[in-house]
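Colleague: Modelling step: build the complete structure from the supplied sequences, incorporating the hints.
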Amino acid sequence: MSGNTNLEYRKYVLGFAAVLIVALYVLRLFVLQLTSDDFKLRADSNAFMKRILFPARGAISDRNGTLLVYNQPAYDILVTMREQIGVDTLDLCETLGIDRAWYERRMAEIKDRNRNPGYSPHTQQLFMSQLSTEEFSRFQEKMFRFQGFSFQKRTIRQYTTNHAAHILGDVGEVSPKDIEADDYYRAGDYIGKLGVESSYERQLRGIKGTEILLRDVHGRLKGSYHNGDYDQHPIPGKNLTLSIDIELQALGERLMQGKLGSIVAIEPSTGEILCMVSSPTYDPREMVGRQRGRKHMELSRDPMKPLLNRAIMGLYPPGSTFKTSQALTFLEEGIITPNTEYPCSHGFRFKGLKVGCHGHGSPLALVPAIATSCNGYFCWGLYHMLGNHTKYHSVQEAMTRWKDHMVAMGFGYQLGVDLPGEKRGLIPNADFYDKAYRGSWNGLTVISISIGQGEVTLTPLQIANLGATIANRGWFITPHIVKEIQDEQLDTLYTRKRYTHVASTHYETVVAGMARAVEGGTCRQAHNSDYVVCGKTGTAQNRGHDHSVFMGFAPRVNPKIAIAVYVENGGWGATFGVPFGALMMEQYLTGHLSEASEQKAQALINRPIYYGEAAR
Amino acid sequence: MEKQQGRTKGKSIVGSIDWLTILIYAILLAMGWMSICGASYDYGSSTSLLDPSTRSGMQVVWIASSMLLGGLILLLDDRLFDTFAYLIYAALLALLFVTPFLAHDIKGSHSWIKIGSFSLQSAEFAKFATSLAVAKFMSSYGFQLQGSLKNFVVCFLLIAMPMALIVMQRETGSALVYTSFFLMLYREGMPGSILFAGVSAVIYFVVGIRFAEDMVIGGTTSLGVFAVEALILVFLIGMVVVYTRPSVVYGSHSSGETHSSSKAYRSTMLVMCLMGICGMGIAVVVSKYIFPFDVTLVQGVLIGIIVLYLLYTAIASHIIRYFYIAMFAIGSMAFFFSAHTILYKVLEPHQQKRVLVLLGLQDDPKGTGYNVIQAQIAIGSGGLEGKGFLNGTQTKLKYVPEQETDFIFCTVGEEQGFIGSAAVLGLFLLLLLRIIYVSERQPYAFGRVYGYCVFSIFLFHILINVGMVLGLMPVIGIPLPFFSYGGSSLWGFTLLLFIFLRIDAGRNRMLR
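Residue numbers (the numbering used here), protein chains in the order written: chain H, 100 to 715; chain R, 2 to 513.
The set of hints was computed from the structure by calculation and includes no laboratory data.
The reader is advised that the hints may include incorrect statements.
[Claimed, not checked] Just a few of them, taken from the derived set where beta-carbon distance is under 8 Å, the chain H residues facing chain R:
id, residue
1, G114
2, I120
3, L128
4, F138
5, A142
6, A146
7, M148
8, K149
9, F153
10, D315
11, L452
12, G455
13, H459
[Unchecked claim] Calculated lysine-lysine pairs in the BS3-like style (CA-CA distance at most 27 Å, straight line):
id, chain 1, residue 1, chain 2, residue 2
14, R, K399, H, K321
15, H, K110, R, K151
16, H, K210, H, K252
17, H, K139, R, K151
18, H, K149, H, K110
[Said to hold, decoys possible] Here are the simulated distance ranges between beta carbons:
id, chain 1, residue 1, chain 2, residue 2, range
19, R, A95, H, L133, 48 to 58 Å
20, H, E203, R, I283, 56 to 66 Å
21, H, Y108, R, G143, 15 to 25 Å
22, H, H325, R, Y87, 54 to 64 Å
23, H, L133, R, A202, 33 to 43 Å
24, R, G16, H, Y108, 27 to 37 Å
25, R, G16, H, S144, 53 to 63 Å
26, H, R204, R, F119, 36 to 46 Å
27, H, E203, R, A424, 51 to 61 Å
From the three backbone atoms N, C-alpha and C, an ideal C-beta is built for every residue, glycine too.
Modeller: The structure is reproduced here in structure tokens:
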């Protein structure tokens, strides 16, 4: 015991050392646990793997409920760069049916942050997309050997029909631009590219879900976090019912085989588009899966431009079908009455200007003028309108009034159809001519617009809509291709009537003219004993052979279908336009073609139009 | 109060047992078991936590048997330990010696003896045996540590022999535990300067090497070297304050001498503070903001000047202590730089790595401090209240290595949060202080020495294990008492602690 008394203070030194160590460690705990969230986030990113659950894309059917587009399972192969070490590349390539060069190139693409901005070596990257069930099953058998490779189940689009490619559109991988524009998308996602797939992308795609999985240190999944309480189930996309009748569409495409042009039919009372043919077309079933890119490239290089939807993107001179709109304008403006007669001696001749016409009686009133498609009558009409100094202060004012009528009828601007890429066409206004002729112009200068030539261009959809407006005697509903969206109201744009500036009594006069054209005028071929057809031909001049045009509707009372047919370089309106229009109406109104009509259709299909070297 | 009770005749053994220590022991065991559950539980597993096929179930067996063992020890006669101390020590030495020949190779270690389906780690039992032997020797009649080289050497050998045998089993971590006996020796009279020099050397080495590669202050200065040189400066100032204050040098009354010594003291302090602290501060600021240079060079020069001034003061004031302090500075610098030079310049890279791994300074299977980082993520993600029992993701999904044994404290941090882990550390502190208190009340040296052995061993385990998990200490694989999974360590710590409690319980009878 002696000698220890002076050492007893050392118990305090040792005790203090213990206190100091524990205090230091508690301080360290404080710093680690309470001063930052960083460790919490890192623990979460270690343990949680968020897997995206893709919703099924909405299905698409036609107006009669025939399924057109649905989903089929497909598989994407994913790779996590940091984990794919020591994989037998040769075996992998063989299993997936790819070659070594493709593998190397794809790997380089994934790592390239310019092309793949969201790249991280720790997260799954898309390696290969849209494997079929058979292709995938070969991979799945061997998957355990390919460390770092995994898969996700997706769906690809399947088509029951080879028609309506332009309307349906397709889906493809999102572009970097799409990803930037919308937070919804990640690299490798799909997005609607053309047609309703594109314009109704938001409704079709649904809402993605997420599943939170726990991942251990070896990357093995250990099941879901908290029994999936924090998971979000994907909400499937909405189904679409199109307004088209797929039978009618099929007939239209059959008729237009080997020809360039378009057929558009509209139900006048609703604005629903019954068919929208654009020729040449392609098989939508080829635009699916991994070959889409190659196929798309091929089509985009075709000089006949099969990807172009001529029904809404093709700008054509409307030709004589436009005369109906002129008649309505002159009547409404009081330039003519139904009884006004104009002379026509093989055309319009005035002050050295001549617009030719074919042989018919002269002078004529409005109804026979429409029925015989007299050029002279409408030239005189426009000349008198633009030259009317009592009613208008200037030719500019008259022109502006004319333009306002045209715009109200749906020309000169996009109609607003629910498809991407619609063109507006051209309706010239006073400014346009002031610029073109340095202010020095009059009715004669621009006389050809009265017969749908000159500067005026319309899309086939606008021509069909003109038919629908006449059928309705003065109003139309914006043409649209989607009739119903599951659990969602249509945009009011597609339910609201749009009135023109012309009284419905004037429309009755024009209807009478169009009926006369079928009874005994230019559209005699369209005559049908079961219902009264109203129609107007067009023979649009252009640099090459004339375009063959028809615009009409049926029946005359309570019309069910309005139609525009535009066959490029088809010659007279009566050559292709009228018979095609008649066949389409028959198909839609009676549900089939009579035997005689079928033979006629076949004959027309077999009758070629020569489009020059480019068509080969 | 305790002493009064002690004098009460007929006081039963049961009344003399230190129940507070047993309570702390029991709480730590319970919390330890919860941690094992958290660390070994598998997601989606339906097996009961008590099923003996799981580690949590097996730990229940170890805990129950440990408590039984502790109870048995309390039933024994306390004189038994004194009497058989050397015998127990010899038996354990023999066991340690044969272990490598009987053992299977488990991760390069030859320390596990297989008995039936159980494995025992003999090193865990050598701690109490060595403590007993050392306590017995140091309590022998007329024992004096100070001034007897022979006694010191015998003590040293008693400690070093098991240590050497354990190193032969490739269990460096367990062997290092024996260095903690220096704390006990310090309490028993070993000069403080030896302990201080030893601790300083360890700190220089560990800090210097561990942070050698971290470049700071403008990217030109090695944090390790900077920290060590700064520490040397701090130590020097501390030593001048402690050893050369006028009141320390010449008592409190002797005016003439006091005058000259206080003058020497004041001028030395002035020089050291000015040169050391201000000089270093200026160097850091210049290097960081004006132009980067190696601050450690400036530190070296400053230390050199201070050493010269200390030598001058020693001669001028005839106070030899200044000389010793100067020697300490020279020794420190020489030790650190020779260790540094040998490790980085003389040794080949593969030898370097072996030394670093041996010392736990480099234990990186993935090469990026992965284990330590994952351990810190586990603890850091616990926050204030923790993720809750069995809810830790970091530990449950096996991101933390050795999470049931050496890194068990991660589970506490992740699932119980700051509150839980600070409470565990608080309990350990309480246990350590209680052991000091109980040791100091021993009537004989045997009990006190043994008590300080227990204190030293526990302190070392907590210091290294928790420090390692918190990223403050090198990765040395030793268990956290009562928490780490395994029967051997739990039995070993239980024996160590309960023998002490039994010796303590006999204090009253001895006084009689």
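Colleague: State for each hint whether it applies.
Modeller: Here's how the hints hold up against the structure:
1. G114: 5 Å, holds
2. I120: 5 Å, holds
3. L128: Constraint on L128/H satisfied, holds at 5 Å.
4. F138: 3 Å, holds
5. A142: Since the shortest Cβ distance to chain R is 4 Å, the answer is holds.
6. A146: A146/H check passes; min Cβ-Cβ to chain R is 4 Å, inside 8 Å.
7. M148: With Cβ-Cβ at 11 Å, over 8 Å, it is violated.
8. K149: Cβ of K149/H sits 14 Å from chain R, so the hint is violated.
9. F153: 25 Å, violated
10. D315: Holds: closest Cβ of chain R sits about 4 Å from D315/H, inside 8 Å.
11. L452: 88 Å, violated
12. G455: Constraint on G455/H not satisfied, violated at 86 Å.
13. H459: Hint on H459/H: violated, closest Cβ of chain R at ~89 Å, above 8 Å.
14. K399/R with K321/H: OK: K399/R and K321/H at ~11 Å, within 27 Å.
15. K110/H with K151/R: 25 Å, holds
16. K210/H with K252/H: With Cα atoms ~23 Å apart, K210/H and K252/H stay inside 27 Å; holds.
17. K139/H with K151/R: Outside the cut-off at roughly 56 Å; violated.
18. K149/H with K110/H: Cα-Cα ~56 Å, so violated.
19. A95/R with L133/H: 48 to 58 Å: About 50 Å separates the Cβ atoms of A95/R and L133/H, which means 48 to 58 Å holds.
20. E203/H with I283/R: 56 to 66 Å: 57 Å, holds
21. Y108/H with G143/R: 15 to 25 Å: 24 Å, holds
22. H325/H with Y87/R: 54 to 64 Å: 59 Å, holds
23. L133/H with A202/R: 33 to 43 Å: Given a distance of about 35 Å, which is inside 33 to 43 Å, the answer is holds.
24. G16/R with Y108/H: 27 to 37 Å: The hinted range 27 to 37 Å holds for G16/R and Y108/H, with Cβ atoms some 31 Å apart.
25. G16/R with S144/H: 53 to 63 Å: 57 Å, holds
26. R204/H with F119/R: 36 to 46 Å: 58 Å, violated
27. E203/H with A424/R: 51 to 61 Å: Roughly 57 Å apart at Cβ, these two residues keep to the hinted range, so it holds.
The structure fails to meet hints 7, 8, 9, 11, 12, 13, 17, 18 and 26 from the earlier list, while all remaining hints are met.
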